[in-house]
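A.B. asks: First to last, the protein sequences are chains L and D.
With my numbering, the residue at position 274 of the first sequence is 274, and numbering never jumps.
Each number in my numbering corresponds to the 1-based position in the second sequence with 1000 added.
In short, the hints are calculated from the structure, not lab data.
Quantities reported herein were computed from a predicted structural model and do not represent experimental measurements.
Just so it is clear, CB atoms sit at the ideal spot from N, CA and C, and this is done for glycine as well.
Warning: the hint list may mix true and false statements.
Said to hold, decoys possible - Ranges between beta-carbon positions, derived for each pair: (1) L:Glu130 to D:Ser1609: 44 to 54 Å; (2) L:Ile167 to D:Lys1647: 22 to 32 Å; (3) L:Ile167 to D:Glu1323: 21 to 31 Å; (4) L:Phe212 to D:Ala1512: 38 to 48 Å; (5) D:Arg1611 to L:Asn195: 33 to 43 Å.
Stated by the list, open to error - In silico lysine to any residue, SDA-like type, Cα no more than 20 Å apart, as pairs: (6) D:Lys1602 to L:Ser70; (7) L:Lys267 to D:Lys1614; (8) D:Lys1647 to L:Thr258; (9) L:Lys267 to D:Arg1230; (10) L:Lys73 to D:Asn1598; (11) D:Lys1503 to L:Phe266; (12) L:Lys267 to D:Thr1629; (13) D:Lys1647 to L:Gln95; (14) D:Lys1507 to L:Val186; (15) L:Lys267 to D:Asp1604; (16) D:Lys1379 to D:Gly1468; (17) L:Lys74 to L:Ser43; (18) D:Lys1603 to L:Gln95; (19) D:Lys1602 to L:Ser43.
Here's the letter readout for the chains.
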Amino acid sequence: MITQERYRTTVKELLANGSIKMAIGYRLGSTPDRRRPLFIRTSEEADQLVLDSTCMTNLSGYLVTEGLLSDEKKVGIFLRPEGIRSINILAAEYQLNADQIVIFGFDSTGRDVRPLDGRNVGEFSKLLNEIKEHPLQIVKEPLHWRIEKMNAKERFDFWQEEFSRCIKCYACRQACPMCYCRRCIVDSNQPQWINTSSHTLGNFEWNIVRAFHLSGRCVQCGNCDRACPVNIPLRLINQRMANEVLDGFDHFAGLSPTQEPVLASFKKDDTETFIL
Amino acid sequence: MAKIGVFICHCGENIAAKVDCTKLAAAMGEHPGVAVSVEYKYFCSDPGQESVKKAIRDNNLTGIVIAACSPRMHEATFRKACAEAGLNPYLCEIANIREQCSWVHTDSDMATEKAMDITRSMVEKVKRNNILQPIEVPVTRRALVIGGGIAGLQAALDIANAGQEVVLVEREPSLGGHMAQLSETFPTLDCSQCIMTPRMVETAQHPKIRLLTYAEVESVDGYIGNFKVRIRMKSRYVDMSRCTGCGDCITKCPAKKISSEFDCGLGKRTAIYTPFAQSVPNMPVIDTASCIYFKNGKCKMCQKSCQLNAINFEMQDEFIDLEIGAIVVATGFQIQNTAVYGEYGYGKFPDVITGLQFERLASASGPTAGKILRPSDGKEPQNVVFIQCAGSRDPSKGVRYCSKICCMYTAKHAMLYAHKVHGGKTHIFYMDIRAAGKGYDEFTRRAIEEDEASYIRGRVSKVWQENGKLMVRGVDTLLGKPVTVVADMVVLATAMVPQSDAKEFAKNIGIAYDEYGFYNEAHLKLRPVESSTAGVFLAGACQSPKDIPDSISQASATASKVLALFSKEKLEREPVIAINNEATCAGCWGCVLACPYNAIEKKDIRDRSGRLIKQVAFVNPGLCQGCGTCVSFCRSNSLDLAGFTEKQIFAEVMGL
Chain L
1 MITQERYRTT VKELLANGSI KMAIGYRLGS TPDRRRPLFI RTSEEADQLV LDSTCMTNLS
61 GYLVTEGLLS DEKKVGIFLR PEGIRSINIL AAEYQLNADQ IVIFGFDSTG RDVRPLDGRN
121 VGEFSKLLNE IKEHPLQIVK EPLHWRIEKM NAKERFDFWQ EEFSRCIKCY ACRQACPMCY
181 CRRCIVDSNQ PQWINTSSHT LGNFEWNIVR AFHLSGRCVQ CGNCDRACPV NIPLRLINQR
241 MANEVLDGFD HFAGLSPTQE PVLASFKKDD TETFIL
Chain D
1001 MAKIGVFICH CGENIAAKVD CTKLAAAMGE HPGVAVSVEY KYFCSDPGQE SVKKAIRDNN
1061 LTGIVIAACS PRMHEATFRK ACAEAGLNPY LCEIANIREQ CSWVHTDSDM ATEKAMDITR
1121 SMVEKVKRNN ILQPIEVPVT RRALVIGGGI AGLQAALDIA NAGQEVVLVE REPSLGGHMA
1181 QLSETFPTLD CSQCIMTPRM VETAQHPKIR LLTYAEVESV DGYIGNFKVR IRMKSRYVDM
1241 SRCTGCGDCI TKCPAKKISS EFDCGLGKRT AIYTPFAQSV PNMPVIDTAS CIYFKNGKCK
1301 MCQKSCQLNA INFEMQDEFI DLEIGAIVVA TGFQIQNTAV YGEYGYGKFP DVITGLQFER
1361 LASASGPTAG KILRPSDGKE PQNVVFIQCA GSRDPSKGVR YCSKICCMYT AKHAMLYAHK
1421 VHGGKTHIFY MDIRAAGKGY DEFTRRAIEE DEASYIRGRV SKVWQENGKL MVRGVDTLLG
1481 KPVTVVADMV VLATAMVPQS DAKEFAKNIG IAYDEYGFYN EAHLKLRPVE SSTAGVFLAG
1541 ACQSPKDIPD SISQASATAS KVLALFSKEK LEREPVIAIN NEATCAGCWG CVLACPYNAI
1601 EKKDIRDRSG RLIKQVAFVN PGLCQGCGTC VSFCRSNSLD LAGFTEKQIF AEVMGL
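Hey, can you work out the whole structure from these sequences and the hints?
C.D. replies: In structure tokens, the structure reads:
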């Protein structure tokens, strides 16, 4: 509660002195453990701000709303460490200018919420490097253990079963801060590479494409996972791809605003023969 | 409405023996959109091409598919035929039913089925092909020759004598390469330096050749006709504009015991040195690793002795940026490290030497002034054993290929030895005598018949020392028993291998290489001097082991390729380039990073009042090579490749 109150005051101050034109945070949702995004432009709106351990959503996707940052004024945003990494990636992919973003960082353990020091993304680099070196011990859910024990065939069957529920609503895409393309590949129908109907093949195609487009970019914020109306554990796929990229290329997504995208960069002295 | 012509070639028996062409033609004739479907024995022949042109004109075809050999063979042929018949050449597609079908299958029915699939998929593609126009790019008429050995010299001189500018880059302090190290050359036994040095001088004095010695190619960017090359001029510590090559510094240099690379370790040199007396340019360099001043900070004897103040210890590496139209790679070879053959005792016994060391012993400019004296005690050896294939044709320890020159130079060594040491005996252990070439077999016969070289067909298992003699144990396979030969000196015919940095260098300039590091030609038979990269040509032993005549022929061939390229003002390039959909581009610039040719730029999109709306990727058509890396990277599918659009590829896949 102290953190929440302190941040309310800070936001009001920054709005009043014109340092930021808006702050993006959380407010109460439809049920006690749900939170909705809040776009604070006035002091009154700031009073609606809620900051507690149930504020899970990574809000950074709202920053790339067309036109929001084009006046070069600053926007504040409430972010967990994963969200801060998203800002770095979005900056590295030239979707926003990191200097325009004022970060209100927070993290939570149990029900306790604590603020993170810093306002500009650069000030968090120490924290992010620590996370890379000592990844948070994500409490592995029983499902995680189950999948790890499976062989390739069992794993394939498992995902086939999971994907069979997919209804191609693309909520995972809409929720993801990384899915900022003006036109997604699934919306391109000349040609229609990915089948639009929600049968197993088309569902597989979509989810595999999504996994690849996010490899080296996903920060495991869990937005997709929470958005899925049929509860497909999408986060596990992206977690796995993140591990592959870390092991294979020592690439931890979102460390700095100038980090080169892992799938678009190459070294001429690569030992593999496919680099001429 | 598509009107596609399908032309099915028998290729004599090559296709028709496996694929039922009549059935294929009938099946294609029924495919939607196909107006003409015919077969013929050789469509690439003159009447064959005429029939294609006639069919295009008579039926107003909107596209054609030639079901025949690989597009690498005849795509250009049929595109030309298309253009002559008034059809855009990029509306012609080749269905490869030879290399990818008839040649690789045994079952006739299934091969016919597959040929139908392949042809149908190309029909579906060509229906969606667009009219494309070739891209014109200007040509910079300046050639870069990398390597100043005999191949590089020949290529440079041939190009320069035709009136075009050449920049010749050599990384050693002098021109010459390996040929300058040789004593006499087979099969005529003329002195290597006597025929080599005039070429070196001619090159250095040629008004069209810019000579850069002690220099290395740092990077190559760009493409055929328009390369941008950066050269690192390594610091010689000798000002070339002042030095006259008097040699005072060399005589004064106190560090005199440095093993000479040019003499293969048999002679000594100073720290400031020219590699050999006839060096071009005849100006020394300081070897900083051995120079006393660079090691201890004291000495500068050379600087004191130089009356022209040419020595500058502060000199730094310099970079030269050049615009180049074509590149000849003539980077040569090295000899394999013979230490892998512990049983031959190289490195352990001083009198076991390599063929190249023997060349230095036999050379008039060598450490013994041309006398054959063994390294251990300087005495004249009375018995010399030569071991051929000491590395070549040996998959277990050496290399699998034949180094090509060893049979000839070993015969030459035996001859030179016989001419210099009259009572001497030579034994040559060999696997086969490979002496194919003009005057070559006669040469080896001369070694055997006139100079009494004793050839023993078999391999050597061990060389060891006993009572001051070298004992060579081998097998005579013609007698079928082991033999032991007592020798004063053993000469190993070491394998020719690529330069140690050959692979790295290939990556740097963007050409392909084989498992060993020899550079790959575009086609082993039909395009032997062109590399896989347009505008980069290969000469000499960097491509495969070669003797002098072969290297020179290849060098002249590269010169003709370069001159053909320079004969045009502009080059026509395939219009296969990436195109960006600016409406959907998200401006993430992943393509900019992914592009290996730096062909993608950022483009501003502004509204009518000039306000910046967004930035999108723009592909520079002059730089794009059509590799498709950006297309596969683009997450929003905004990039597409002309001639291989997503739509075309999709239709092709769905046609299968």
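A.B. asks: Tell me, in ascending order, the numbers of any earlier hints that this structure violates.
C.D. replies: Failing hints, ascending: 3, 4, 7, 8, 10, 13, 14, 15, 19.
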